[in-house]
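Put chain X on the given structure of chain Z with help from the hints.
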Amino acid sequence: MLRIENLHVSVEDKKILNGIDLHVGPGEVHAIMGPNGSGKSTLAWVIAGNEDYQIEEGNLLFKGQPIEDLDPEERAVQGIFLSFQYPVEIPGVTVTNFIKTSVNAIRKARGLSDMPAGELLQKIRKTAEKLQIDSKFLSRSLNEGFSGGEKKRNEVFQMMMHEPTLSILDETDSGLDIDALKIVARGVNEMRSPKRSTVVITHYERLLEYIVPDYVHVILDGKIVKSGDKTLAQKLEAQGYDWIKNS
Amino acid sequence: MIPFQIDISLVNLRNNDYSNYSYYCWRIQEIKGQKMAYTEKELQEKLETQEYQYGFYTDIESETFDKGLSEEVIRKISARKEEPPWMVDWRLRAFRTWTKMKEPNWANVQYQKPDFQDISYYSAPKKKSKYKSLDEVDPELLETFKKLGISLEEQKRLTGVAVDVVVDSVSVATTFKKTLEEKGIIFCSISEAIQKYPELVKKYIGTVVPQRDNFYAALNSAVFTDGSFCYIPKGVRCPMELSTYFRINQAGTGQFERTLVIADKGSYVSYLEGCTAPARDENQLHAAVVELIALEDAEIKYSTVQNWFPGDKEGHGGVFNFVTKRGLCHRRAKISWTQVETGSAITWKYPSCILKGDYSIGEFYSIAVTNNHQQADTGTKMVHLGNNTRSTIISKGVSAGKSQNSYRGLVQISPRAQNTRNFSQCDSLLMGNNCGAHTFPYIESKNSSAQIEHEATTSKIGEEQLFYCNQRGIDTEKAIALIVNGFSSEVLKKLPMEFAVEARKLLEISLEGSVG
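Listed in order, the protein sequences are those of chains Z and X.
According to this note's numbering, the first sequence holds residues 1 to 247 in order.
According to this note's numbering, the second sequence holds residues 1001 to 1516 in order.
Next comes chain X alone, as it looks inside the complex:
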């Protein structure tokens, strides 16, 4: 019964109301039991709404700092978050480092560099108290969640996925904490973790992505306002997919989340992250840092579906997505990154693995889709330090419109790492004649026992393929979706199944109108 399995949506399509229905995260609504196939009709309804789907703005009263960045602003952020003194110092150190750094320009992207003094670094819904019941929650906020498809009301009835929602910068609600607590799992906002688990945060923050790592990481370290924190105790297998949902709401704010995931010895966790932003004509900055630590024999699976506003057809607006993601593997540990990147005007992102411990494993599975004027420069770094370490890279790039899509990857074998292996595969699919696909694979091997393989292909959706599909009754739009889904299938199947269904639909929407 394999053939249909992947096409069955687990999503409960509430009243078929697709108008404000966004795409991922809400498989929470329905996990077991009633499986619903998503029908052509529903898909058609989706396809008819050509514009960016998440372009609603919620009028929540929020507290937003004046634009600009200085030590004073950082102190203010820290004070507002009631942080301990060591945290303020840490931030200030990062800020001082950042002021001496230059914005990198080696990536294959072109854009107007943001004016960092023209951004507000803090924006939070005003009501900051933690809610005990839904009655206390701002109704406007509840409405936002409804639009996102993750209303708290529904969440309460759900099983299987815990969600930590970050609207702008403050984590508003965390559910399923109780179930997790019983296992000793900590899943909360990073602000809460700084308050409650300072020793854990202090021990690990900045150890995988140091403050001075790069320009955006330094900026994030100085000004991050929220994000998620997760700790899985020794030997515990997290019983549910942990999920965080990001959304940029307020105009002119940057989102600087900081995520820290620690999997203690022999533990396992699967973490999902989804992102959207309202449509705006100015650029919004998103500079996140994600750090993963997998201690001995631990495994972390980190999946992202990124659908930030990509800008309009002329290339105005859209999110600048400058993200630093890195994981550290101890002995026999495994970190697996899976990403579906369809949004953002500019993506600059290289989820990486430091394979420090012997026998550790790093994996990177990526689909990056660019359309219109989008630019993506994305890939990974696999740094082999330990003996017998292995890594796998599967990257699929789809370019359409006038977009530019680059894969940039580094496989590095240190002189002392014996018997390491890497396999890389980079495939590009082009649609039309005005887009570009680029591959920049770097291999630095300093140990002759290493085995490194690299495969790359570039293909184009052909007229013949389209005619063949047309002849079988499949229209061109749907044919493209089918071909792209097929092209991406190796990566899609690495996603948790519920996520995969949404990702498939997202791929279809992202490429609408790309062949005329």
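Next up, chain Z with everything else stripped away, as it sits in the complex:
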């Protein structure tokens, strides 16, 4: 699904990733953990195709094809979805209108016609119910005046609408209270299938109690320094990152 080989990335001449290797197979859930500034978010943005990040060395392959030269929207069409740590506000554009625009933009690029309005509305309604999103929420301006939790829920909402093959959740747990966390995790788990893969980026082990990963990687100074199964996350929670730094 996603194959990253010896990836070196810099932004404004500042080196951030120093040779990342990561292989995410179909159906797998990988958690990426690490302290602030270790390069977790950078990795997410590079996969999504932000142009501010320069790939200096290494390969980025999705479904076996290099994607370094694709625009972000082309990567979205390929099935890559990034749930933003800080989703942006777009005043005057309702949640529904935004979702409709993006769903149909991707369909168009895939050679499909627009999703019929009735079908789309029904899907929106069903998905909103699952995430316990109030219908009033759907006619509000995108992320404008949303609480931190509402923004994150809105990201997962869009993810479920798009049904991507690769989802990257960047700090989706921050800003969520425990009830919201459970709801969001349920949504993510529902998407799990042998065809879909998920990368969960987080500081805390808490989210991983609800979205149980197949693999856990620890990133430090732009390099994956340790990989393991979910017990690694528990150990980190108990002992902190110093344990790895010192080992």
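The set of hints was computed from the structure by calculation and includes no laboratory data.
Any given hint could be a false lead.
In silico DSSO-like pairs for lysine-lysine, Cα to Cα no more than 30 Å straight-line [said to hold, decoys possible]: (1) Lys1265(X) <-> Lys108(Z); (2) Lys1460(X) <-> Lys1493(X); (3) Lys136(Z) <-> Lys1460(X); (4) Lys108(Z) <-> Lys130(Z); (5) Lys1356(X) <-> Lys1402(X); (6) Lys1460(X) <-> Lys14(Z); (7) Lys63(Z) <-> Lys223(Z); (8) Lys1460(X) <-> Lys108(Z); (9) Lys15(Z) <-> Lys1381(X); (10) Lys1493(X) <-> Lys136(Z); (11) Lys1356(X) <-> Lys1203(X); (12) Lys63(Z) <-> Lys15(Z); (13) Lys108(Z) <-> Lys195(Z); (14) Lys1265(X) <-> Lys1381(X); (15) Lys1113(X) <-> Lys1402(X); (16) Lys245(Z) <-> Lys226(Z); (17) Lys1183(X) <-> Lys1356(X); (18) Lys136(Z) <-> Lys63(Z); (19) Lys1493(X) <-> Lys123(Z); (20) Lys1505(X) <-> Lys108(Z); (21) Lys226(Z) <-> Lys63(Z); (22) Lys1100(X) <-> Lys1113(X); (23) Lys108(Z) <-> Lys182(Z); (24) Lys1493(X) <-> Lys126(Z); (25) Lys136(Z) <-> Lys123(Z); (26) Lys63(Z) <-> Lys245(Z); (27) Lys123(Z) <-> Lys1234(X); (28) Lys1505(X) <-> Lys136(Z); (29) Lys1183(X) <-> Lys1203(X); (30) Lys1234(X) <-> Lys1493(X); (31) Lys226(Z) <-> Lys195(Z); (32) Lys1446(X) <-> Lys1381(X).
Just chain X now, kept in the frame of chain Z:
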């Protein structure tokens, strides 16, 4: 079911032939029944044709006066229009006033001042007889209408909107007159009104925008060749949107329309106005005057979508749009201006309300988009004379390219006006680093009971916003359109719905290629 309502186009996209399809006015083609969503494909086709869409010129045999302006020319115009003597005198008075006036230069725009002796002041399609059937109409003209999407053939089958078409200066066809006549509504060209309803014209013309009001208004008063006239009788609610379509066709002609709308006591009318011009490399002058009179308890809603040729990417050509629009509100009357300004090289326009009667209401909703080298200086004046008068101003400016976009507004409270209220909001959106947004709000309050609020914001379309949209599969061009539409939504929703759909598309087209 609110979410989709605004995105559904009522426009019947004939055979998907977009090549010469222009943008507004032709929701007439289809009003009720078959609603069609406009699809990405159609939009894409639109976006592929990057140049100005309305750049066709129709070769209609027309009678055009020699260039130049003098008393003799004015007499000639008046004679050609078979006007009564009082009208000639009125024009000549305006001309004499104009010769003593200077072209204003306080606006935040820069341009080569037009040479007023180098303009032809009259241009009319030669066949002037009023047509009884379509067979009598010049086929070339019919072709123009087809290109505009408002062919008369189709109009006949339509319901809901009456259209008065002004090509260059003479009003060619007015439809739906009959339906309107039954209600006692008069909707015709101003020339016809001068002939048929002289007492109404005489009573009201120049009462809201006096001849000496400003340089361009004086010029218009002297030389106006046509325009629209509308009268709604007491207590009548006009059953359809009245619509006028302007187009400058002939090279080197100025368009000086004169519009007069009178809503008698307790009546209501919604009036739409759309404008385009062919692409030319010289500047064309457009100096219109619009006067609205809302008598007691009457309401006038006046909507404009202006898409005159903005000039090319280097700033050559384009229309100089110097327009004076003003409305007078009597007791408890309401006037609401809504405008979407995307065209013209230079826009100088301040639709205003004189709130004379107690409890009267004035509203101004505006979106002005400038790209490339366009310059817009636009806004409104709300003059509060009566007690308990209220006004609302919502202005949205979008600047891209190397354009300059200014909001200029005046809120004036007279000493005797008690308990007046005003709310103003001016928002600017910038795209790129070479454009400018300016706000010149003037507030003159001479009565301490007034409540005046002013809010202003300036924002820029951010890289992060664009990346977010891109990540969701929306390309940059479409993302900009989405963000601009969102920014403008408060104003767009004030437009009659069919107009709003066209206006949205127009915003997208106007900003093509503005972020590279």
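Check each numbered hint from earlier against the structure, then list the numbers of those it violates in ascending order.
-> When the structure is compared with the hints, numbers 1, 5, 9, 18, 23, 26 and 27 turn out to be violated.
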